[in-house]
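Peer 1: Chains as they are written, first to last, in my numbering: chain A, 55 to 522; chain B, 55 to 522.
Treat the hints loosely; a few may be bogus.
Copies of the same chain look alike in the list, so a pair counts if it fits in one copy or across any two.
As the list claims (entries may be wrong) - Result set (DSBU-like, lysine-lysine): computed pairs, CA atoms no more than 35 Å apart in a straight line:
1. LYS375 with LYS448
2. LYS503 with LYS448
3. LYS233 with LYS434
4. LYS459 with LYS150
5. LYS378 with LYS434
6. LYS486 with LYS275
Please keep in mind that the hints were generated in silico from the structure rather than gathered at the bench.
Number of protein chains: 2
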Amino acid sequence: MSRSPNAAIAEIKSMVLAKVTPTEEDYTSARRVIDEVACRVAAEAEARNLRVRVEVEGSVAKDTWISTDRDIDIFIIFPEGTPKEVITEGGLALAKAGGGGSWTLGYAEHAYVEAYIGGFTVDIVPASEVSAGRLVTAVDRTPLHTRFITERFDERMRDDVRILKQFMKGIGVYGAELKIGGFSGYLCELLILQYGSFEGTIAAASGWGERTALDYMGHYKDLPLGEVFDSPLIMVDPIDRRRNAAAAVTRQAYATFIAASRRFLRAPAAEFLLPEQGATEPSEIELALSRRGATVLGIEVGCPRVPSDILWGEVYRSLGKVAKLLGEHDFTVRDSAAWSDEDEAVVFLLELESAELREGRVHAGPKVWFAEETEAFLAKYERDTRVLDGPYVKGDRWYVELKRKYTDAAGLMEGEFGRIGHSKDLMAEVSKGFRVLSGRGLIDLARRKEGFAEALLRMARKRPPWLR
Amino acid sequence: MSRSPNAAIAEIKSMVLAKVTPTEEDYTSARRVIDEVACRVAAEAEARNLRVRVEVEGSVAKDTWISTDRDIDIFIIFPEGTPKEVITEGGLALAKAGGGGSWTLGYAEHAYVEAYIGGFTVDIVPASEVSAGRLVTAVDRTPLHTRFITERFDERMRDDVRILKQFMKGIGVYGAELKIGGFSGYLCELLILQYGSFEGTIAAASGWGERTALDYMGHYKDLPLGEVFDSPLIMVDPIDRRRNAAAAVTRQAYATFIAASRRFLRAPAAEFLLPEQGATEPSEIELALSRRGATVLGIEVGCPRVPSDILWGEVYRSLGKVAKLLGEHDFTVRDSAAWSDEDEAVVFLLELESAELREGRVHAGPKVWFAEETEAFLAKYERDTRVLDGPYVKGDRWYVELKRKYTDAAGLMEGEFGRIGHSKDLMAEVSKGFRVLSGRGLIDLARRKEGFAEALLRMARKRPPWLR
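Given only the sequences and the hints, what does the whole structure look like? Please build it.
Peer 2: Set out below in C-alpha cells:
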C-alpha cells in the first residue's frame, strides 16, 4: 500500500529550499539594516552615557528565516540590575534613535519600537541582561531562545526548519499571533530539535492523538503534562519549564497540522508548501455559495487603531458573541470567521443554515405535574401578547408558541449587533455605524478588497488546497 | 388565593347531568333493543338445542352510560366447560341471529357480531361462563367487571361516573381505543370507586406525579407496581391482578387529564365538559397556520377495510415512520397526527419547522487522529459526485458537505412515502396511489371533509378549548 515517499520528499525539499532560503542579496540587505540600527543606537547610547549591548535575536540571528519573512528583532540589552525606569525611558529613547526617522510604538509585555527599514520590519526592543533562573517576560526569554537554538543547530537542521515553516505557511497554520493561532518560528525549531528533521516531524505529527505533550529537556519526568498545561499541544520551553511554547496553537491548527502531515506522507506534493496563489474571482465565491445553497452574513465595521494581537483578541471575542446571539435566536451557525485589513475595516462573517425563520417559536414549559411551575407558566403566558398559540400540553409538558422578535438574521444583526458587549475599541467603531451585508453586498465588498475575497472564498469553499 | 369551588362544581354537575343522563325514552329504547336481540338469540338457541344465557354487560348494564354513547354489549354465555368449537361456531350463529338482518363481523380476541339496531350499536359476543381464577381474555373479564361495579355502585356514584366520562370526553381523552389512547368507561368507574366521587378524582389527579399506581383491592401490598406495569397510569384490575385497566392511557392523555383537572379545580367551568361544537371554518385554519408561519404537510391515502383498532394501530405505526423519515432527512417535525373517517381516507399530518432545506448538508467524519477512519472517510468522499464541498478539517474533525437527495419535504414524501414499511393493509392502499397535500390542498380537503377540518385545526391551533 504505502510506497516509501523518501525520494519524492527529498525532491520537494530541494525545490522548496531553492525558493525560500534567503539569497546572498537577502543576507546582505539584512546585515546592512542591522548595522544601520546598531550604529544609530550606539551613537545615541554614547550621547546619553548609557552602557548597552546590541544583539540580533530571532530567526535572523538563528539563520532559520525564510526569504519572505522579512522581520528582524534587535535587542538593546542593559546590564543586569539596571533600574526598570532606566530601561523603560532610556531604552525606548535608544530604540527610537535606532528606528531612524519613521517608527511606531508597539506594546507587548512592554514598549518597543517597530520601524520599517530597507524592506524589513525591524522590532527594536529594550531589555535587561537576565539569567535563566529569573525569567519573567517574553522579552527576557528571547535572547535565551536565540542562544539555545544557535548552540544546537547545524546547516541541515536550519534547512529543515525553513521547510517546516513553509509547510506550516502552506497549510495556513504558521504564526503564533492571535489572528492565526498557529505554530511560532521557535516552536518549529523545537519540533525539528525534538524529531531530528522535517520528515521526522511530519511522521510524528501523523501519529499525534487528541493531545500531545513534548518535553525536550525532560523538565517534568513523570508528571502528566496535561495536568500542568491546558492545550492540545504542549511543548515545554527548554529554557523555562513554566512556559508552554505551543500555547498559541488552537485545536483547529493542531488538527490541521496532523491531517495535512498524514496526507503529505501518503501523497507528497509541493502544493502543500507552495499553494497556488491566484487572484480570487468574486464569481468563484458566488458559485461556491450557490451550489451549496449556503447563506453568509457579513457585518462590516471600522477598524480600531490598536496593535494586531489586541485587535484580533477583541475581534474574535465579538465574533463569538455574534455567533452566540444568533444561536440564542435559533439561527444555526455553520461557520464563523473574521477578516480585517488591520487598517480600515473589520468584517465578521457568519455562515447560517438559513437566514430566515418562521414567525413562531416553540417554548417548552414545565412538566404538567409540577404545580407551582405550571401556575407560573400559565400565569405568564395565558394573556401574553407575544403568544401565537398555546399554552398546550404535548407529551407530558406544557408548551407555548411565541412570536419571534426577529425572523431574519440580518434584522437581528441590525437590531442587536450594537449591543453585544464589544470591547471599548470595537464599540467606538460600532457606534460610528456598521453595515450588515449579504449576497450581493458581500460580493461587492470582495470585489473592492482583495484580501477579503480570499477570506470569503475560504468560507464559501472549505476544502483546503492541499487536499487535492 | 384559592376560593372553595364546591358550589360552582355542584352547579356544573347538575347542569351537565341534566344533559347527559339517559332519559326515560333512552332507557325504553335500550330495553326494547335488548329484548329484541335476546328474543332472537333464544329462539335460535332453542332451534339449535343450545343451552345459553343472554346477559347485558358494559355501561348499560351498570347504568353508567351517557345518552350520547349508544353502545350496548350483549353476551351469549355458554355453560362452563363448553368446548371451544361449540362457542366459536354455535355462538357466532346465535350472535348473527341476534343481530337480525344486518350485521358485520368483528374480531377482538375472538369473533363477535356488531349490529346497528334501533339507534344503538350492539355488540353481540359469544362467551363461556368463567370463574375468577381462570380469566384468559377480555371477553372472560367483561361479565365480572359488570358484576364488580354493579355490586358496589349507588345512584350518586353512577352520576359521578357520567360526569367523569363527560369530563374525559370534553378534554378529548375518553376511550381506550387506539385512536384515542385514553380512559375507558370501566377505568372511569374504578377511579370513582378509588376516590369516592368526581370531585375526589379531579382533586387526586391534580396531584398525580410522573407515574401513578392504584390498586383498589390491595392485590400487590408492598411490591412497587411500576416494576410490574410499564405505563404512566396503573390501575390494577380488581378482578384480575395481572391486568392494568389503564394500560391504554398514553402519556399525552395522562398528562392532559392532570393538567385539565388542576385547571378545572382552579376555575371550574361547564366548558370543560361541554366544549363549544361549532363547525370549523377553513379560513380559521388558514389564519391559525399563517400567523404562526407554520407548515403542515398531509399525505392522503385510501382507507383499508379493517377493524378500527387494527386500522389505528397501523396508521400510528406508519405515522411514526413518516416522522422518522423526515427527521433522517433533517426536517424538524414539530407535530404529527393522523385522521381517518374509517371509511374512505386516511390522512397523515406533519407539522414542520420548515418544508425546505438548502442544497448541502454537513456530514461529520472522524476526528483527525483516527488514522484508519480518516483514510476510509477520505477515500469515500474525495471523489464522490454528491460532494459539494470538502472534505475539510473543522475543530478536530473531518467534515464533508453532501448534496441532499431531497431539499423539500413534499418531494421527499413523493419519493419515499411508498417505501417506508407500511402494514400490508395500508401498503395495499398506498400502492393504489397517494396524494401529498400542502397549503391550499389541505384547506380544500378540509372544505370537503368536516371531520378532517377539525383535526387540521387541532394541529394549526393547539391551545385546548378548556384553557380559557
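Peer 1: Run every hint past the structure and note whether it holds.
Peer 2: How the hints compare with the structure:
Proximity of LYS375 and LYS448 under a CA criterion of 35 Å is satisfied in both settings, with 33 Å inside one chain copy and 19 Å between copies. Taking identical chains as interchangeable, the C-alpha atoms of LYS503 and LYS448 lie at most 35 Å apart only when they sit on different chains, with a minimum of 26 Å there against 52 Å within one chain. Proximity of LYS233 to LYS434 under the C-alpha cut-off of 35 Å is restricted to the inter-copy arrangement: shortest distance 33 Å between copies versus 46 Å within a copy. Taking CA atoms no more than 35 Å apart as the test, LYS459 paired with LYS150 passes in neither setting, with 55 Å inside one copy and 65 Å between copies.
In this homomeric assembly, LYS378 and LYS434 come within 35 Å of each other (Cα to Cα) both inside a single copy, at 26 Å, and across copies, at 34 Å. Within a single copy, LYS486 and LYS275 get their C-alpha atoms no closer than 55 Å, and across copies no closer than 75 Å, so neither meets the 35 Å cut-off.
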